[in-house]
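Here's the letter readout for the chains.
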Amino acid sequence: MDDRGANIDIVFRNGLKDYEVLPPQDVWDNIRPAIRKKQLPLVIFRAAAMIAVVLSLSLLAYRFSREISAELENPVIALNPESVTPLPGAAAAILPYNEVSQNRGVFSRASIPDDLVPEAVKTDNIFAAVQNIENPPESDDVSDKNNTPAELTALSYGRASYFNPDEENSLTLPDNTGSKGPNRWSISALFAPTYQSRITSGENEAVSRAMAAEQNIVNYSGGLALSYKINRRFSIQSGLYYSTIGKELTGITAYSGFGQQNNAKGNPVFAVTTSNGTIRTSNSDIFLKDGLAADRIQTYYNNNVFDPVKESLTYLDNSVRQNFSYLELPVILRYKVIDRALDFNIIGGVSSNLLVNNSVYASADGSKTQVGTTEGLNLITFSSSLGMGMEYSFANNLSLNLEPTFRYYISPFNDIDIPGMKIHPYSFGVFSGITYKF
Amino acid sequence: MSEIKNIISGCLKGNRRDQELLYRRHAARLYAVCLQYSGNDEEARDILQEGYIKIFENLANYKHEGSFEGWIRRIIVNTALEKYRSRHNLYRVDDIDDIPEPDADPDNEDYSGLEAVDLLGIIRELPPKYRMVFNLFAIEGYSHKEISRMVNISEGTSKSNLSRARAILQRRVGSYTGLKKKLLNG
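Protein chains in written order, with our numbering: chain C, 27 to 464; chain U, 1083 to 1268.
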């Protein structure tokens, strides 16, 4: 029976060896959410971690700036008792009204401990003088020394300074106007990994199907920026940036070695629909196949005509990458919100972007194989940007920058009109770099 | 990097397209295996669905040693086995006396007219216990010792179940080929 049985075993084993039956579509429809459900916590965790990092950095920066601010609002005044004489009645101000009123705590009688104030000074004259300071003279000429009592000019303002009448004949204030010295120009080197995506409206079946198979990849942007400080708050910036924008087209399998089979002799034989335009192959040695059956590839060499595996073509990759590079010329306005050791700026502007590279390639074992180009791309596009800049001065003329920036493309990469659908690309990047002021 | 490595790598990163690509590449072959282990289409669909979820869950454990097709097939077979064990008490096992001996000598039978779809239909008509042992022994190549552990039966029971499965198959194949010949010859 065993020998006879072995025969029937072979019949079934060989007969069913390569047998295939297409499963119903609903099987994958049920598998997909089950896999995504399991992956969801990781996605949420990553997003939460990113938000936590951004919030923590913002909070730290805010606290740091508040601490610096608090120190400046509570300085210590030390007086040289012997050199201070009572003021002759109400005196006029030598201080700009705005500056004094901002720092009125400095001159408050109550803010100076009694043991530090000499009897002569304990008269209310000096404080009366300061009170008068708070009521500014009609004249805007705040440096009018005719109205300046010499004694009051002795008051020095700062964290810990001592009055010496021989050294100073006028009140010296730290420059709190934001113009730290004459350095109005600055040059910055900035770099950012950027994440590109898009906002879509409407529906186009073919493009939507293509978009579903497109993955965002991390791109880069960087360059030199030249900035000019117009006044304490505003500065204008321009420069030259180089940036890359790209997508990964998943499921498009690339094979090499097609040149010997290809009868088209160098003409583009594959056209691939993407959300950024149609890719035309220029490398006649490359064969493309849509592994997702998403009908993205138009070619004579479809699955019924040519099988790359049977023809022993060399597999390269199961996705191709679409890459554009731009030279950017931005015009950016910066508004300084907080002017401390750690500055905060709001940044906004527009850029004109010149297309300098348009390539589609497949990667295999670390090397790139050119596949073709995306047709119909605009040579120049325009984008707007909005961001927040943090600047930390760590030396006299040097500072570190961190600038989370959102960029919205006013004009699309491609002028081709997609029926029923509008695509608006945008990107987000965190620029970091160093600035030199001169 | 090979194509399958790329796809697996994409799946591990949560790339939806690679997951779908992995599914579509092997689904038809694995669904045929599921049909082979099940008595009805609904059960086969359940096995395929649960099996694929396990494949995606365990993809990180695949060491790229040996055939990937073999690895995923083993997961599907194990899933079928688990389903069988969970329903084991529901199945009625025909008594050996109910199984008639084959009419003809199987060595002299001509099976050339049988197609895969016919064989699949015949194997699916087996009682579940015989079908499971026959599949594990004749198709997957497990020994009776291994089958006894997998199905939780004795080696002797595994052998007798295989013997009964073969007897049924030979009889049905014989009658099937005879019927087919009759139909062909008018």
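You may find that some hints are simply not true.
Claimed, not checked - List of simulated lysine-lysine pairs, BS3-like, C-alpha gap at most 30 Å: (1) U:1165 to U:1241; (2) C:336 to U:1145; (3) U:1136 to C:463.
Stated by the list, open to error - Here are some chain C residues the structure puts well away from chain U; computed CB gaps all over 12 Å: (4) 33; (5) 34; (6) 56; (7) 58; (8) 217; (9) 241; (10) 278; (11) 279; (12) 299; (13) 335.
I should point out that these hints are in silico values taken from the structure, not numbers from a laboratory. The beta-carbon is built from N, C-alpha and C at its ideal position, and this holds for glycine as well.
Here's how the hints hold up against the structure:
no.	hint	verdict
1	U:1165 to U:1241	22 Å, holds
2	C:336 to U:1145	27 Å, holds
3	U:1136 to C:463	60 Å, violated
4	33	5 Å, violated
5	34	5 Å, violated
6	56	5 Å, violated
7	58	7 Å, violated
8	217	25 Å, holds
9	241	7 Å, violated
10	278	10 Å, violated
11	279	7 Å, violated
12	299	15 Å, holds
13	335	10 Å, violated
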